[in-house]
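J.: Listed here are the chains, written in short residue letters.
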Amino acid sequence: MATRTLPLSKRGFNFEVFMWAFTRFTVIAMYGLMLAGILGALTLSAQTGANFGDILYWAFFPNMAENPLGQVWMVILAKLMVIAFVLAACGHGVHGVLEILDDYFTSHAVRRLSRNFIITYAVLASLIAMYVIWTR
Amino acid sequence: MGLKRNVSLAAGLGYKGEGPYLTYILHRIGGSALFIFFTIYILALMGVQSANGILANWVFQLVFLPFMLFHAINGLRITILDLSPKLIEHYRAAINIEWAAYILVVAFALFIVLRNAFGG
Chain A
1 MATRTLPLSK RGFNFEVFMW AFTRFTVIAM YGLMLAGILG ALTLSAQTGA
51 NFGDILYWAF FPNMAENPLG QVWMVILAKL MVIAFVLAAC GHGVHGVLEI
101 LDDYFTSHAV RRLSRNFIIT YAVLASLIAM YVIWTR
Chain B
137 MGLKRNVSLA AGLGYKGEGP YLTYILHRIG GSALFIFFTI YILALMGVQS
187 ANGILANWVF QLVFLPFMLF HAINGLRITI LDLSPKLIEH YRAAINIEWA
237 AYILVVAFAL FIVLRNAFGG
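Line by line, the protein sequences are chains A and B.
Following the working numbering, the numbering of the first sequence begins with 1 at its first residue and continues without gaps.
Following the working numbering, the numbering of the second sequence begins with 137 at its first residue and continues without gaps.
If you are wondering where the hints come from, they were derived from the structure by calculation, not from laboratory data.
You may find that some hints are simply not true.
[Claimed, not checked] Covered by chain A, according to a simulated footprint, are these stretches of chain B (three or more residues, beta-carbon under 8 Å):
{"id": "1", "region": "143-156"}
{"id": "2", "region": "192-199"}
[Stated by the list, open to error] Here are some chain B residues the structure puts well away from chain A; computed CB gaps all over 10 Å:
{"id": "3", "residue": "178"}
{"id": "4", "residue": "180"}
{"id": "5", "residue": "181"}
{"id": "6", "residue": "186"}
{"id": "7", "residue": "238"}
[Said to hold, decoys possible] Here's a subset of chain B near chain A, in silico, CB distances under 8 Å, partners left out:
{"id": "8", "residue": "168"}
{"id": "9", "residue": "182"}
{"id": "10", "residue": "189"}
{"id": "11", "residue": "251"}
{"id": "12", "residue": "252"}
{"id": "13", "residue": "253"}
We put the beta carbon where it would ideally sit given N, CA and C, even for glycine.
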């Protein structure tokens with residue numbers, strides 16, 4: 001199968017192309033954050049003696065677990081990384097869900113409605129996640 | 137973006153796309169599973185106790201984990217092929233490698249879930 005490459009200038013730059021690129025970049029960010037998060041949690045686990053699983057559980061569910069990390073910089077770093085991951089995941093998911101919904105709804109009006117709904121949902125979910133993770 | 141589909145459900149189910157089509161369908165199912173997981177996660181962050189209970193339930197983990205892991209591993213293959221167009225010639229080999237990695241990862245994950253569920 002021959003390889004195909006098309007420069008961005010020939011693809012145009014509409015909503016679909018922007019979202020495609022956004023989806024690709026956010027997923028690369030997610031893989032990077034996963035790797036950094038696992039390495040970071042392992043390092044913090046070794047430094048503080050806290051359980052690796054407890055660190056990850058507290059990082060993603062700060063409202064349901066005790067903070068296993070003592071120093072303030074560790075807490076801030078962990079919170080920033082989890083927020084970055086949740087934002088990247090949310091941004092990545094928006095386009096995926098939109099693609100699936102577009103396959104099932106064929107009318108312009110319903111597509112626009114589903115697009116507005118899912119973007120609103122993503123923004124609200126991101127705000128809730130950021131607030132809880134940062135303040136707890 | 138086409139707005140009309142002239143393919144019936146029966147024709148769609150009968151489509152012989154083989155391995156690549158299977159990964160495409162499983163990727164979509166995995167993405168949908170992740171969307172449900174994300175929604176439950178946000179509810180758990182909001183303090184809904186039942187949401188936390190669902191996430192901790194081993195049956196939920198047993199059903200959702202295989203799909204979510206497939207989405208992550210298949211996404212990695214898609215990203216690598218996207219970033220290295222020369223590798224697209226070997227996409228079938230890439231899918232085979234993906235399946236091998238997936239089976240190892242999902243077997244380990246399910247073993248952990250079942251061990252925790254049955255107190256091993």
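J.: Give a verdict on every hint.
T.: Hints versus structure:
1. Only when three residues or more bring their CB closer than 8 Å to a CB of chain A does the claim for the region 143-156 of chain B stand; here the count is 0, and the claim is violated.
2. Coverage of the region 192-199 of chain B by chain A is violated. Counting CB-CB distances below 8 Å, 0 residues qualify, and the rule asks for three or more.
3. With a minimum CB-CB distance of about 5 Å to chain A, residue 178 of chain B fails to clear the 10 Å threshold, and the non-interface call is violated.
4. Look at residue 180 of chain B: its CB is around 7 Å from the nearest CB on chain A, not clear of 10 Å, so calling it non-interface is violated.
5. At the 10 Å boundary, the C-beta of residue 181 of chain B falls inside the reach of chain A, the nearest C-beta of that chain being 4 Å off.
6. Every Cβ of chain A is farther than 10 Å from the Cβ of residue 186 of chain B; the closest lies at roughly 13 Å, confirming the non-interface assignment.
7. Non-interface call for residue 238 of chain B relative to chain A: holds, since the shortest CB-CB distance, roughly 16 Å, exceeds 10 Å.
8. Interface restraint check for residue 168 of chain B: the shortest CB-CB distance to chain A comes to about 7 Å, inside 8 Å, so the restraint holds.
9. A cut of 8 Å between beta carbons decides the hint on residue 182 of chain B: the least distance to chain A is about 6 Å, and the hint holds.
10. Given hint, residue 189 of chain B at the interface with chain A, is violated; its Cβ is 11 Å from that chain's nearest Cβ, farther than 8 Å.
11. Look at residue 251 of chain B: its Cβ only gets to about 13 Å from chain A, farther than 8 Å, so that hint breaks.
12. Against a cut-off of 8 Å between C-beta atoms, the interface hint on residue 252 of chain B is violated, since the closest Cβ of chain A lies about 11 Å away.
13. Hint status for residue 253 of chain B: violated, given a least beta-carbon distance of 16 Å to chain A, over 8 Å.
Of the numbered hints stated above, those contradicted by the structure are hints 1, 2, 3, 4, 5, 10, 11, 12, 13, listed in ascending order.
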